[in-house]
Every structure is written in structure tokens, then in C-alpha cells.
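Take the given structure of chain A and dock chain B to it, following the hints.
Letter by letter, the chains look like this.
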Amino acid sequence: MMRTPQPGPTVVDAPTIARKAVPFDAGAFFRRYAALAGLIALLLFNFVWTPHFWSLQTLNVNLTQVATIVIVSVGMTLVIATGGIDLSVGSLMAISGALAPLIFLSPFGREHVALSNLLAFVVSIAAAGLLGAFNGWFITRFRVQPIVGTLVMFIAGRGIGQVLTNGNLQPFHNPTFQFIGLGRILGVPVQVIVMLVLVAVAAWMLRRTLFGRQILALGGNERAARLSGVPVDRVKRWVYAISGLCAGIAGLVVISINSSSDANLVGLGMELDAIAAVAVGGTPFTGGQASVVGSLIGALLIQLLRYTLLANGVPDAAALVVKGVIIAGAVWSQQRGKSA
Amino acid sequence: MRDIDKRFQGVKALSSASLEVAAGEIMAVVGQNGAGKSTLIKVLTGAYRRDSGTIEFAGASIDFASPQQAQRGGVSTIYQEINLVPFRSVAENIFLGREYRRYGLLDWRRMNAEAADLLRRFAVEIDVRRPLMDFSTAIQQMVAIARAVSFKARLVIMDEPTSSLDEREVAVLFDVMRRLRSEGVSVIFISHRLDELFQVCDRVTVMRDGRTVMTSRMADVDKLHLIAAMLGRDIETVRSHATGFSAAVAKAGGEVLSAEGLRIGRRVRDARVEVKAGQIVGLAGLLGSGRTETARAIFGADPPDAGVIRVLGKDVSPREPSDAIALGVGYCSEDRKADGIIPDMSVRENITLAILPRLVKMGVVDEARQRAIVDKFMKRLAIKASNVEQKIRELSGGNQQKVLLARWLCTDPKLLILDEPTRGIDVGAKAEIQSLIRELADQGLGVLMISSELEEITEGADRVFVLSDGRTVADLPHAEASASAIMAAMAHDADAAAGADRG
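As given, the protein sequences belong to chains A and B, one line each in that order. Residue numbers 11 to 350, in the working numbering, belong to the letters of the first sequence in order. Residue numbers 413 to 915, in the working numbering, belong to the letters of the second sequence in order.
The hints are simulated quantities; they were obtained by calculation from the structure and are not laboratory data. Take these hints with a grain of salt, some might be off.
Unchecked claim - Example chain B residues on the side facing chain A (calculated, C-beta under 8 Å, incomplete):
1) Ser-734
2) Gly-752
3) Ala-766
Ideal Cβ placement from N, Cα and C applies to all residues, glycine included.
Just chain A, same shape as in the assembly:
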């Protein structure tokens, strides 16, 4: 088949010339810092208008509420950087949330408290990671589209969580274990520290390690990456496994805050919150580029917006609409940035 002359290169070249002529690229700048600018604007608004906003308590409330979303968004950002998506994170949270109390509430767990608490952490998170790795295996082995491949786990995962607990609510009181959701270090909630560490590690990894660069390379052009020796399938499996691990951690944080685990509810709708945070954070869904810090800012922006509306008497239902508008706006600014 012959090739018709591709208009491609010229189309790409035209803005290049414009970019060289104008040293300051307003489009790229806006795209990159839109979420951050929005966040700062909201903060300023709240300092002026929302009573009692400038208090450590308000800050902690907002941060603890957003921590689980951010933790899941870290894994989601990596998945989206490969050009994929992970719908199963909410269900994996439910599984890890169901497993932990099963371990420390068991007769064995009541006898060996320290060991069972440790196992509750390790086994639950590892299980979520393994199921995430299964997602990756399923997607790469059978060349399934990620949205379909993880849909399988999205549906089956919540079922697994309910089967594990017979669909029962598991209430508990375990201060040692619940440290991850209720504890504080120097006044800072533990899950906020976990969140910040994960964001920092993931951002560093994307930037500096072979694994991170290979994620971005295969997301940018999978065929070229494979021909350059990038083990495409292996990298993808790891990325989905990491997304599973993050979901596992988030699941434990949620049940610790609630002092109970309900496989029907833990992580419900989390996949969409995480995807929204990544979108608002400026990571394009086409893959090849990613900003973990952007996802953090995106999650904070959505959270603070909701808080602002609630604190100023707007009902939660209306806040959802505003959330939708923000996401649409973020995607729109990305599109514009690309074509401008």
C-alpha cells in the first residue's frame, strides 16, 4: 500500500516555529499550572470568605479526607502514563479492607497481636498488589484493552471482598492497626505522611529511574519502545501491580478511619475520583507524559472546592456538578494546550 504524503510533520512544525519566535509559551504554562493556580485562588478565597479556615484543624480535615484519593491517584497516574486506565482500584481497596480485620480478628490474631497486626498490613496490601499484577498480566497476555481488562476486576473484586466477609460489616477497635488512619506524627495525620512519601517516591521514580523512563517511553510510543528493547509487557504488569499496592494501602486507611470494614462500601467510586484527580492534574490520557505532583494538586483542588462549597452552604449534590465542570475544564485546557 502506498503512502499518501502525510500532512503530519508540517502540522507539527508550524507551532514549533511559532514557539521559537515567542520564548514564553502561554499555552504550555497555563496547561501546566492551571490546577495549581486554581488551588491558590481557592485558598485565597477561603482565607477571605470562609470563617475559621485558617486553622490547623481545617487543614487536617481536608488533608485526611483527600489522602486516600491521592494515594490511589499515584498508582493511577503511572497506569495512565502507559496509556492505560485502572478501574479496579476501588474493588481492590475493598479486598484489602476486608482481609485485614479477618486477620487481626481471627483467633490466631487475638493470641499474637503484634504479629497479626503486621500480617494484616503485609498480607492485605500484597493481595491487592497481586490482583493488580493479575490485571497487568490479563491485559498484556490477551491484548485486552485496559478499560475492559480492569473492568473484570472492578466487578469481580468487590464480589471477592463480600465473599471473604460473607457480606458482613466487620466492626473493630484496634488502636495499633488504626494508627495508619487515626494516628499523628508531630501533629500530622499518618495517612498524610504516607501520601506525601508515596507522591515523592513516585515522582522521583518517574523522573530518575530506568523503570520510570520506560513507563513514559512505552506510553509515548509503544511500538517504538518495544523495538528499542523496552520490556513492554513486564513494565505494564509492574505498573498495574503498583496501582494495586496503592489501592491496598488506601483500603487500610479507610477502614482504620471508620473503625469498621464493609466490603460493599470501601473504595466505592474511588476509581472515578482518582481518574478525576489525574485528569485535573494535567496528565494526558494518551500516555507518555505524567505528573504525580499534578495529580496531588488535582486531588487537593477537587477536595478544597467541595469543602469551600459545603462551608459556604452549597449542598453536596450541587458540589458534584461543580466537580464535573472542573474536570471538563481541565480536559479542555489540555486539549487546547495540545492544539495551540
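Same frame as chain A, now just chain B:
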């Protein structure tokens, strides 16, 4: 069609191209990649607007605005990939977009009956109520043709309809084409398989570089003449030195690659190549002869179904490109955009993509070493970029190609496979890249070079393997690898190929 011009963003795709088809005639259109065949057809059917020129159809000047309008006007096109709806029934596909209705409902009985009638004309007896995907590619193609004819088409254009058919199916298709001809319908037939043209076509139009270079009765030409016209070569004379290649300075060293009896899918049946250190080996062949497939098999991108590959004397069977890279093989793909560059990454990262695993300590990229390598190869290959952090998609084609060459050179390969290394690159960069390839070979690198440009092969290669229809049909040393010998081999010219095979 007369004097058709078409430019894309200033690049000339057609310059006063012409095509004339008589009623009830099968006209073949042939040409190399990028010769302008498809563009010409798309201008005819209204998919593209022409910049100048006239199109007359059935005595009247026409100007179709879209393929749909062309179809209503009597010009139907059947594309290489059948564009019908696989899940819907055969009859639905035939009447898609102009279904019969009765009382506001679809009149299935009438559509089914007419569809069956229509197909019977082509000797196809099938249940038209079954979904299209239940049938073979050949039948699907017949359905596409039946659909085209049912539009009362007076001109049917077939763009490589035989590429996915086996021999028996091709014979059926040819019968249909002859039947159309006997009914006074004209056919434009585009194919890369030259043998087929002689079986069924009345006349042939050869295109090259956006021009119509030859129109002739099929009976008046032979395959060799067709190939010469397609490649733009006079059979007798070979133009003197048109590339940046010079003769080899050193003698070839030990064997770096030998591949034998390669069989890959349906395209490659029995390919053989050998490369020695310090040698540039050309792999010539027409489009569809299996050149790229052979290269990809050696590189582990699409492992072969059968055959032996030896790299540096060791039997290997790379299953993944990473396996081949570990053996010291590099591969610059033909399609830079789809298989080469990571568009949004910087020049620096594109250069070091293949070598990156060797630049890490405990998983962390050693950026100092990375930068040193990038600087060295940017200088050595004279890559023009505003700085190493510039995104590669912003570079010119020639510079992108140099970056991709650098990607492999920095891995210090023993064998470099170059698939169309100078395609789509301006003349200056082309000569630069060619002389660079020679320089590298002189330093001991084994190069396997695929090229559609005969000059590159005749002047650049120290040894030439010619592929035809998935088989290695000739193995020529530099002295014997003249344009005419290569073309003769491509055309399966028995004497020339046999004489050359001993070389």
C-alpha cells in the same frame, strides 16, 4: 483525468498526473510507495480536492465533493481493507445507506431477494441473511464489489484487492473483473503483484514521483520494462554516482549474520541473507517482497515460523527485540513516526532509549554518563537541535533519523539493520547519512540495508540479496549488482537470476 496537481502543505504529491480509462476496460495502475497512485484515486473520488487539472467522466466534466457523491455518480471504490460492517448481514451491507422501506419499516424480503440476485451474477451463492463476518475474505470482497455494482457503477476502482486473497480466490476475483468488463463497466486495478496485471488487465499506467510516466497496452510491455518505469531507471544506462556512498576501503571481516530458510507468515517463504563485519549488504525487492518482514524477524520483533538465524556464529532465536539488542543487533525501522521516535520525549532520551538499561546503577539512571553519551553522538552525527532537551517531534526528518541512528550506535552494535534509512529525508541529510553508514561499516560494523532506491543499493552495497515474493532470488556481489541485474532478479528473469545466483 488530465494534468492533475495536488500539494500537501507545500509538498507536491501529484504534478500533472493523467489517467485515462476507456469504457469496458481494465486499467492497471502501478508505482512505488509514494508515487501518487492513491492520491490520484482519492482526487478522482472526491476524497481530496485537486489544486488544478480536469476530470472528465462519461463525456462530462465532473468534480465530486466526496466519495459518497462519486458513488452516486457511478464511481465506486473498493479499498484494501474491506470497509463494510462485519456484524450485519450480507444484504444489509449491500443496501447500507439506501435501505428499501415499506410502511416505514425495512423491507427485508425485497432486500434479501435483490442481494441474492446480485451476488448470483458473480457466481456467489450464499445465504445473504447471515452476518458478513461468517464468510471468507474473498466472499466479503465479492460483497463489496456487488455493493459497488449495485450503485450502477460505471467505473469500479480496486485498491490492492488481492493482498489478502489466496490464489483460488484471486482467480474468482479476476472472473468477476472480466464479467464487469463484458458488461461495459471500467475497472481501475491497483496491485503490487505484477504477474496479476498480465493476467487480467488491458492497459497499464505507471506512476512515479506524482507523474504519469508511462501508459501502455499490457501486451506491449514485459515485467522488466514495468519495473524499470516504476523505479525510473533506464534499463541500459546506470546514472553515475548519485548518492553519498563511496567504495569500501577495507576487506570484509568475519560473519556477523547469516539467516537461512526464513518463513514468516504468508509474506516470506524462503529468505536468506548474510552479513560480514565491515560490509554493507543491500536487501532489495519490490514492495511486498518481504524485506521488512525479514528484517523484523532477524530482530525478534516478529519471530519467524521457520529458519535458522546465526548472529556472530551462534544460533539464536530472538523472541523479543531486547533479545536481539543483547546480541549486538540494532534496527532502524522504516516508519520513523510509528516505530521509531517517542515524539514527546527529548532528543536526549530518544538517543539513549536502547542503551538506558546499561546506564543505570541500582535502577537509577546515571545522568552524567547519559549526558556524556548524548553530547558525543550529537557532535559525531552533527544532529541539529536547539538543545538536547528539545522534543524530537520538533526536529526535521533528517535529524530525527540521525537521532535514531545515534540510538543504535551508542549501544555499540555489531550488526545494524537499516530499513529505508533515507526515506523522506532531504537531499543534503541523505548524502550525509549515506556517507556515515559507509564510515561505520569501514570501522567494522555489519550493515544490512533495505532500500527501495536502486542507487542506494547499487552504489552503497558490497553485496546484494534480492527478494521477490518472499524468496531470496539472487545474491550479487558489488561488481555484478547493477541496476539491470537487480531488476532482472526482481522480475524473475531466469537467465540473469541464475547467472547471478552463483556469485
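Results for each hint:
Contact between B:Ser-734 and chain A, as hinted, is supported at the beta carbon level, the nearest pair being about 4 Å apart and thus within 8 Å. Contact between B:Gly-752 and chain A, as hinted, is supported at the beta carbon level, the nearest pair being about 5 Å apart and thus within 8 Å. Of the supplied interface hints, the one on B:Ala-766 holds, with its beta-carbon coming within about 4 Å of a beta-carbon of chain A, less than 8 Å.
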